[in-house]
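S.K.: Single-letter residue listing:
2 protein chains.
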Amino acid sequence: MRNFTFSNPTKIIFGKGTIAKLGPEAARAGKTALLVYGGGSIKKNGVYETLTAALTANGVNFVEHSGVKPNPVLSHTREGINKARENNCSLVVAAGGGSVIDEAKAIAAGVKYDGDVWDFFCGKAEIKEALPLFTALTLPATGSEMNAGCVITDETAKHKYSAHGAALFPRVSALDPQTTLTLPRAQVANGAVDSLAHIIEGYFTTTDSDALVTEEVVHALARSIIASTNRILKDPSDYNARASMMWSATLALNGLAACGYGGTSFINHAIEHSLSALYDIAHGAGLAIVMPAWFKHHLAADGPARLEKFGAAVFGVKTAAETIQSFEDFFKKAGAPVRLSEANIPTSDIPRIAANAMGLIRQWGMPQEQSEIEKILRMAA
Amino acid sequence: MRNFTFSNPTKIIFGKGTIAKLGPEAARAGKTALLVYGGGSIKKNGVYETLTAALTANGVNFVEHSGVKPNPVLSHTREGINKARENNCSLVVAAGGGSVIDEAKAIAAGVKYDGDVWDFFCGKAEIKEALPLFTALTLPATGSEMNAGCVITDETAKHKYSAHGAALFPRVSALDPQTTLTLPRAQVANGAVDSLAHIIEGYFTTTDSDALVTEEVVHALARSIIASTNRILKDPSDYNARASMMWSATLALNGLAACGYGGTSFINHAIEHSLSALYDIAHGAGLAIVMPAWFKHHLAADGPARLEKFGAAVFGVKTAAETIQSFEDFFKKAGAPVRLSEANIPTSDIPRIAANAMGLIRQWGMPQEQSEIEKILRMAA
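Taken in order, these protein sequences are the chains called U and Y.
Mapped onto my numbering, the consecutive letters of the first sequence carry residue numbers -7 to 373.
Mapped onto my numbering, the consecutive letters of the second sequence carry residue numbers -7 to 373.
Chain U with its partners taken away, still in its complex shape (with noise of 0.2 Å):
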């Protein structure tokens, strides 16, 4: 087990009726917030109204920023940040799913920052302080709720690059789940597919598999994710499922699912950023198209026992090659795509999907050389 730190600020509140109680929570970080979300699903399912109903009865004045984008790109970041600005906001409130959430801490960066908020996207800068967030999570899939990173893409240039620094820890995430029962379908499966590959990426890159308590916290939450899954497919309906859901997905990128792992890296999301920079699908659908591929080529390098390890674990199979075919039955039956031609991504286009992805690989200082990601991206052809 490897030296780690593990601090993690966000205040969760969980449960039906909690998003109200962001009121009194963000009047206590200022008088008016920019209220960040995207497209509107928030006003179908009440949580426009309870929540800027919540924030003006406390005393909250909010200036809106809608439209964010399922992959938030720069320039409406840069456009949020102005707006932020000209109306002196000194707190920011994100509703909506990671997406939302991701912008809404870009912009509470980029507004305490001098420079271009992109700086802190390619390296130029470091995250030294942000505004206070507050965040309403409708779409369990991305941890943004309780961690301190978050993914933007370069729309011109193509790029979907990340940042990070503990100043991005929303101060306070309400989470409900009863706005998930109404959830599409596909958000399910990409909901279900992006946090189980939060916690695979360091079980399966991790420099040390003996910290067996950490091994015991992803095999758990990995179940968790699958049975929740499982049972919201059979009835979408199903409460406990969808807060097992919610919370199962905070829990796998909050840093608890890797402590102890020393060096792990994101290999799977490197790739997948790319495809959804190059083509604008869904984080969770390229995710379903990358792992099965990524797995098999880690099945070659590293052998068998990490896949069979968590095989016996989680879907109770002996093989490493049964545990791969467990995960896309998995992904499948949510109704996620496998392939890149699922996704009608032509295999023509490979190298230079594989081109796109060197940008990050080598930001995140990963070993990867370009041959060795088209390869992995031909096994998912």
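Incorrect hints may appear among the rest.
The list cannot tell twin chains apart, which means a pair is met if one copy fits it or any two copies do.
Said to hold, decoys possible - The calculated DSSO-like cross-link candidates involving lysine-lysine, where the alpha carbons are at most 30 Å apart (straight line), are:
no., residue 1, residue 2
1, Lys301, Lys226
2, Lys13, Lys116
3, Lys8, Lys301
4, Lys120, Lys8
5, Lys61, Lys288
Keep in mind the hints are simulated off the structure, nothing from the lab.
With chain U fixed as given, assemble chain Y onto it according to the hints.
M.R.: Frame of chain U, contents of chain Y only:
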């Protein structure tokens, strides 16, 4: 899954050589620390030397408050408060196990309070503020290094009571598993029993048995505690087992293992606190005596469902009786007593023990009558 709030601001620095990192962390909080420790084991295992050198190197003076007892007592806590005031201490540094950290917490809160510190424990006052606390943990068991509770014994009245408040969260805790390599075998056993007890109280008294993700987390921590302890019993120098045990014990009572369980209660702890208040036995030993008896009571009152579920997931057994037997076997193997007689406590004392336990049971708002507690204790005879 019930509504819950999760908020845990403690920063954990985990691994080999991490105690010295408390120096710069403490320096950010002030210039003069009260250094709290126990009977001097930290002088044998190098913790005292490392910690005091790190404080000095970072410009933090310290006043020593040693001699904390395994069940920390009120008179010594009051002495610590006086010493901290006399020396204008602006922070508290604790080095040791849960008892040392608990007394350090009570001192940290007591210094900031005009009345008597026992007011916090008997429900007369709420903890609103405390000196910042930094801990170097040397014994995995209580979880105090990452939670907001503490337990103190009024040795005159024979009351072992608890106090809670967000101000009690340690600011930073350094967990170096190397410091646990020389623990006496009895403390290995007590730590294993205590940390298991922490996750078991919630699991078996929850009002919601469909918190899927938390069930999985509890099973994961239980498996990790048991597997780590078995490895430690076999090879006390097994660093990775020590590390997994240490982090498991922290996670067992940092809030994670009760998320969504709703109104849980600490019935085993309430009875055990009476045992250790009256006989000054180790907390873990007392719990190993109480738990098998309480399980039998639970089985008779609430049926086999929870015991069967836990047993299948953690011990690989089928029936509730086998689950109880598995607990008992594990406690015995670890070297903990499982009957009152093994701790030389006469059955004629049962009414007295139960009467004493009623103080805490009433304070914690639990429904049990004295006759029920006596019944449980008779099963531990």
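S.K.: Against each hint, give a clear statement of whether it holds in the structure.
M.R.: Now the hints, each set against the structure:
{"no.": "1", "hint": "Lys301 x Lys226", "result": "both (28 Å within a copy, 23 Å between copies)"}
{"no.": "2", "hint": "Lys13 x Lys116", "result": "between (37 Å within a copy, 29 Å between copies)"}
{"no.": "3", "hint": "Lys8 x Lys301", "result": "between (37 Å within a copy, 27 Å between copies)"}
{"no.": "4", "hint": "Lys120 x Lys8", "result": "between (34 Å within a copy, 28 Å between copies)"}
{"no.": "5", "hint": "Lys61 x Lys288", "result": "neither (32 Å within a copy, 56 Å between copies)"}
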